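**Q** Generate the whole structure from the sequences, applying the supplied hints.
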Amino acid sequence: MTIRHHIGDDLLVSYAAGSLAEGWSLAVATHLALCPECRDRLAVAEAAGGQLLETLDVEPAADQSWSAVKARLATPVGRPAAPAPQPKTAVLPAPLRRYIGGDVDAIQWKMLGRGAAQVRLKTGDRETQVRLLKIPAGKPVPEHSHGGRELTVVLSGAFNDGETVFARGDIEDADASIQHIPTATPEADCICLAVTDAPLRFRSWVVRALQPILGI
Amino acid sequence: MSLEISIAAPAWHKGMQLVRPKSGRPAKRTSTTALMQSGMQAEPDMSELLAKVGKTRDVEQFELLFRHFAPRVKAYMARTGSAAGAEELMQETMVAVWNKAAMYDPARGAASTWIFSIARNLRIDAYRRDRRPELDPDDPAFQPSAEPAADRRLEGEQSAELIRRALATLPPDQAEVLRLAFYEDNSQSTIAAALDLPLGTVKSRMRLAFSKLRSVLGQPGDLT
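Residue numbers (numbering that gives the first Met the number 0), protein chains in the order written: chain A, 0 to 215; chain B, 0 to 223.
Just so you know, these hints were derived from the structure itself, not from any lab.
Every value quoted in this text rests on a predicted model; they were computed, and no experiment measured them.
There's no promise every hint is true.
[What the hints assert, rightly or not] Pairs of lysine-lysine, DSSO-like flavour, derived with a Cα cap of 30 Å:
no. : chain 1 : residue 1 : chain 2 : residue 2
1   : B       : Lys99     : B       : Lys51
2   : B       : Lys51     : A       : Lys69
3   : A       : Lys69     : B       : Lys211
4   : A       : Lys138    : A       : Lys121
[Stated by the list, open to error] Part of the chain B face toward chain A, derived, beta carbon under 7 Å:
no. : residue
5   : Arg66
6   : Ala69
7   : Phe115
8   : Arg131
9   : Pro136
10  : Ala140
Just so it is clear, CB atoms sit at the ideal spot from N, CA and C, and this is done for glycine as well.
**A** Spelled out as structure tokens, the structure:
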């Protein structure tokens with residue numbers, strides 16, 4: 000598997016800094032699980048965080064801080080809870096499985112009509128909307144533009160956006176200026192994670208009128 | 000609150016070292032020249048020390064790590080959260096460093112990187128209502144790297160030194176954006192608002208800063 004579409008540096012730095020909201024972070028972590036190259040880049044961003052820590056101007060630690068911590072070192076650590084048993088294979092990377100409570104077969108799809116389906120994932124942040132989308136083989140996602148940013152990570156199948164193909168692990172970073180018609184490739188249904196920071200704006204007034212009903 | 004953080008590596012990073020006299024307390028910083036003249040041994044590097052603590056569980060050696068990192072972690076907590084909670088979160092972090100020290104692998108990065116990530120995660124748990132989804136290296140969906148690990152590894156202290164130098168030479172506007180992201184818990188849009196800049200400018204400064212860091216380590220430019 001070769002990833003062709005990667006995370007931008009600004010997202011990677013914000014994820015490393017821990018200043019990225021949960022929804023965006025989920026898209027980044029999902030891509031990172033599937034992309035060793037970007038994990039190497041993340042290591043550089045985290046090293047920058049460590050070096051910035053080194054260069055903070057500080058006062059020496061108070062002796063009473065050390066005494067307080069020293070007193071806690073003797074307490075034996077409870078053995079860490081045994082890690083939850085892992086499945087042998089998985090389509091969804093671990094960060095995502097935690098939101099579903101299982102792999103793809105555990106997703107409780109809500110039909111959108113014409114074979115398309117979605118499920119919303121709940122996060123604790125207020126700035127993103129997170130969902131899994133299933134686009135039937137060969138079918139388009141209704142043409143739409145965005146009020147803001149949209150990150151899409153392909154989990155299975157593939158889609159075309161114009162001339163560009165996005166396959167498993169690829170991430171597409173689209174902003175408000177993009178009016179696009181992503182279309183699933185004909186071989187298989189396409190499942191992807193889509194994170195947006197504002198409700199999608201559909202171009203057709205019919206779809207727009209249905210948006211509140213469909214919940215998209 | 001002051002936004003002042005010295006990005007440029009202070010002189011003592013290279014020229015001065017902590018020494019540990021017989022009393023068991025780290026002494027005031029003394030210049031390396033003075034050390035060499037007096038024949039005393041400079042403090043071991045923090046990454047070696049952390050790895051050693053992981054193996055030996057030696058409290059005295061851990062104290063050296065504590066004296067070095069605790070004030071930094073506390074300053075980090077005070078900047079990204081509240082001054083009141085900083086001491087407690089610093090102590091949580093340093094106890095976690097002690098408890099997890101055996102998991103630290105110096106070949107995978109410097110002690111400062113590892114401690115930063117522990118502090119960051121504790122800070123998010125304490126101050127944010129949302130979570131930060133984490134990677135799980137045992138995940139069966141995890142795509143391993145095609146290259147052997149040895150070829151890709153950032154040699155801990157060595158790469159840390161390169162990054163330190165690169166940070167010190169960043170143009171001030173790029174350094175500021177990085178610092179605000181890492182040390183003030185700012186989203187890109189908050190930074191844009193604080194500096195009265197378009198969001199695109201903040202993003203491009205972050206990209207420029209980061210591509211410079213990567214170039215000193217011989218990694219390719221932005222892949223997008």
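**Q** Would you mind marking each hint as holding or not holding in the structure?
**A** Verification of the hints:
Proposed proximity of Lys99(B) and Lys51(B) is supported: the alpha carbons are some 12 Å apart, at most 30 Å. Of the supplied pair hints, the one linking Lys51(B) and Lys69(A) holds, its CA atoms being roughly 18 Å apart against a limit of 30 Å. Taking the CA atoms of Lys69(A) and Lys211(B), the gap is near 40 Å; set against the 30 Å cutoff, the hint is violated. Proximity of Lys138(A) to Lys121(A) is assessed by CA-CA distance (about 27 Å); at most 30 Å being required, the pair is judged to hold.
With a cut of 7 Å, the hint placing Arg66(B) at the interface with chain A holds, because the nearest CB-to-CB distance is about 6 Å. Proximity of Ala69(B) to chain A holds as hinted, the smallest CB-CB distance being about 4 Å (cut-off 7 Å). For Phe115(B), the shortest C-beta to C-beta distance to chain A is roughly 4 Å, which falls under 7 Å, so the interface hint holds. With its C-beta approaching chain A no nearer than about 5 Å, Arg131(B) sits inside the 7 Å limit, and its interface hint holds.
Because the closest C-beta pair between Pro136(B) and chain A is about 9 Å apart, greater than 7 Å, the hint is violated. The interface hint given for Ala140(B) is met, as the beta carbon of that residue sits about 4 Å from the closest beta carbon of chain A, less than 7 Å.
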